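J.: Take the sequences, apply the hints, and build the full model.
There are 2 protein chains.
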Amino acid sequence: MDAMRKLIERYVPIINEELDKATRGKPEQLYNAARHLLLAGGKRVRPSLTLTYARMLGGVDGERKALPFAVSVELLHNFTLVHDDIMDKDEYRRGVKTVHTVYGENMAIIAGDLLFALSFENALNNSMVPPENRSAAAYLLSKASRIVAEGQALDVSFEDTWTVSIDDYLDMIYRKTGALIEASTGMGALAVTLDKETVENAMLYGRNVGISFQLKDDVLGVYGDPAKTGKPVYNDLARAKKTILVLYAVRNLPPDESAELKRIIDMKTSNLELLKTAAELIEKSGAKKYALDLAKKYSDEAIRIIEEIEPADSEAKNALIEFARFVFEREK
Amino acid sequence: MDAMRKLIERYVPIINEELDKATRGKPEQLYNAARHLLLAGGKRVRPSLTLTYARMLGGVDGERKALPFAVSVELLHNFTLVHDDIMDKDEYRRGVKTVHTVYGENMAIIAGDLLFALSFENALNNSMVPPENRSAAAYLLSKASRIVAEGQALDVSFEDTWTVSIDDYLDMIYRKTGALIEASTGMGALAVTLDKETVENAMLYGRNVGISFQLKDDVLGVYGDPAKTGKPVYNDLARAKKTILVLYAVRNLPPDESAELKRIIDMKTSNLELLKTAAELIEKSGAKKYALDLAKKYSDEAIRIIEEIEPADSEAKNALIEFARFVFEREK
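Chains A and B, in that order, give the protein sequences.
If you use the numbering used here, the first sequence corresponds to residues 1265 to 1596, in order.
If you use the numbering used here, the second sequence corresponds to residues 1265 to 1596, in order.
Think of the hints as simulated: they come from the structure by calculation, not from any bench.
Fair warning: this is a prediction, and the values are worked out from it, not measured in the lab.
One or more of the hints may lead you astray.
Same chains, same label: a pair holds when it works inside one copy or across any pair of copies.
[As the list claims (entries may be wrong)] As a list, the in silico DSSO-like pairs of lysine-lysine whose alpha-carbon atoms are at most 30 Å apart:
#  : residue 1 : residue 2
1  : 1285      : 1270
2  : 1561      : 1526
3  : 1290      : 1540
4  : 1290      : 1353
5  : 1560      : 1290
6  : 1560      : 1526
7  : 1532      : 1553
8  : 1526      : 1353
9  : 1290      : 1526
10 : 1307      : 1505
T.: This is how it looks when you write it as C-alpha cells:
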C-alpha cells in the first residue's frame, strides 16, 4: 500500500481544503449542519480514487482537472451518510454525534439535500474540463445517486425477508456501495478523456473494487478482530444484517442448522454465546471461504483492468493495483 | 389567460406522460413512493413555463428540445414537496395522503432523494441539445436546488423569531419559491440558446413571476375567498406564518396594536374571532395594499422583460405576459 498511501496522504489535506471552501454559505445553521460530519474526518477514499485515476491517465494535469469532481464525489457520499444516519437512527459516526442528533431531523434532511445540490454544483462548475466532459461526469454522478437510492431501498427491504438470493445481495451491494465508487473512478477518467472504453474501464475498476470492499467488510463484520476493526465483536450478526455470509450459510447448512442460524439472527441478540454459535455455523457452512474467494475474484478483475492500461503516471497505476489488493487483504 | 391556458392544456398530458416514463424502475416500492405524489396531479406550472419560454425563443423545435428540462424541473419540485411534507408533518397534499404517511418516513426520504437524482439524470441525458447547453442547464438546476435548501432552512429559522425584516422575507421567498421558477425559465432558454443576456432575462422573468406569485399567495392566505382558494379561512394566520402581511403590520401599527397582533399570531390559534381581529389589524396597517403593490411591481417587471423580446413564437410570448399578469391578478 505504499504508493497508494503516499498519494492519499498528499490528497487528504487538499481535498479537505476544497470541501471547506465548497460548503460556505448562509444561513449559517444549515451550512454548519452540512459541514458537521463532512469536516469531522473521513478517509477520503472515493475522492482519492478520482484523483489517482485521473493522474494515471493524465498525469499531474489530469489530477488537477479532476479535483472538483473528487470534491463532488465526497459531497455526495456525505449526503448519503447524513440521510442514512437519520433512517438508521444512529447517534455517532466518525467519532462525533450524527447531524440529526445535533441539529434535529428536519435540519439534517435539508443539510443532506444541500450536500446533494452542492455535489452537482461543484461538478458542473468545473471549468478546467470541456463542457462535454463536465456534462458526462455529472451524468455519471446523477446515475450513481439514483442507483444508491435504489440500493438503500433494497437494503431496507432485505430486513424483513429471508428470500434474498446471493445475486440479489450482490446487486444490492453494487448499488449501495459499488455505484458511487464506480462514478468516482469514472469521473476521474472523464477529467482527462471522453474515450468510451477508457471511461468504461475506469467504471469497471471502481465497481469491482467497491464490491470486493463490501464483501471483505462482511467477513470482517463477523471474523474481524475488534481491536483492529474498531467495531464490536460479531457486530453484523447482532444487528441481524443479512450479509453474504449469513445468506450463503442458511442456503448451504443442513436444514436444522440453517433454521438455528436464522433463529439466532432474527433475535437481534447481543448474547455472546448465541452469536458465537451463529459464527461457528457460518464458518461450518463454508461461507467465509466462499465470501473471501468471491472478494478475491472482484479484486483480481479490478487489477486485470488496470494492468492493461498504458499509464501517463506509473506510480498512480501501481497505487490503483495496490488499492485493489488492499480492499481484499485488509484486516481493518 | 387564454393563450397560457391553451398552452398548459396541451402541455399537461405530454409532461405527465414523460414523468411517468422517467420514474420507472426497481425496487418497486421505492418507485411507487416516488410516483405517489408526482402522478397524483399538480398544475405543472413550472414545466409549462420551461416549455413556453423555449417555444417563445425557438418555436416548436425549441419546445421539443426543452421537454427533458421541463420534466427535470417538475421532478425537482416534487422532491422538495416530499421532503417538505416530512418536515412539516403534513398528512395530505393534492388531495392524497403524503408520501411519508403512506410509505413511512424512511422510504419518503429515499423517494425524495431518488426524485432529486432523476431530475439531474433527466436533464443531463437531454441529447437534443449540445453538451454546453445541457451542462449549463444542469448547473442552473443545481444552483436552484442549493438555493431552495437555503430557503427551507431560512423559513424554519423564521418560525421562532420576530426579527425578520421585509428584505429578509423577500430573500427567503426568492429562495424557497423564486429560485426554482427562475431555473425553469432559464432552462427553457438554454434549450434554445447559450446567449448570456437571453438566459439572464429568462431567469429574471422567472424570478419576478415567482416572487409576485408568493406575495399574492400571502394576500390570498388571509383575504382569499376559501370557496375559491380551497384553503381554510385565515389559514396562514392560524398557522402562525410570518408572511409579508404580518411582518409589515407589526412594523407599521401603533405599538399596542402591533403587540396585540404578535400575541394572536404566536398563539397559533384557530379561534375565528381572534383571527378576524388579526386580519383587521393587518388591513388597518396598510399591509394588504403594500403587499399587492409590491406583487404588482414584480409582475410588471416580468412583463417588461418579455415585452422587449423579439419572439420566434408570438403566441408563447403573449402567454408569458398573460401569466405574469395572472399570478398577480388571480383570486385562487
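J.: Are the hints correct? Go through all of them and say.
T.: Comparing the hints with the structure gives:
1. 1285 x 1270: Classified as within: same-chain Cα gap 24 Å, cross-chain 47 Å, threshold 30 Å.
2. 1561 x 1526: within (28 Å within a copy, 68 Å between copies)
3. 1290 x 1540: Result: close neither inside a copy nor across copies, 51 Å intra and 36 Å inter.
4. 1290 x 1353: For residue 1290 and residue 1353, the Cα distance is within 30 Å both inside one copy (27 Å) and across copies (25 Å).
5. 1560 x 1290: Intra 47 Å, inter 29 Å, cutoff 30 Å: inter-copy only.
6. 1560 x 1526: within (27 Å within a copy, 67 Å between copies)
7. 1532 x 1553: within (25 Å within a copy, 63 Å between copies)
8. 1526 x 1353: Cα proximity of residue 1526 and residue 1353: one copy only (24 Å, versus 37 Å across).
9. 1290 x 1526: Between copies only: 27 Å across chains, 50 Å inside a chain, cut-off 30 Å.
10. 1307 x 1505: within (24 Å within a copy, 43 Å between copies)
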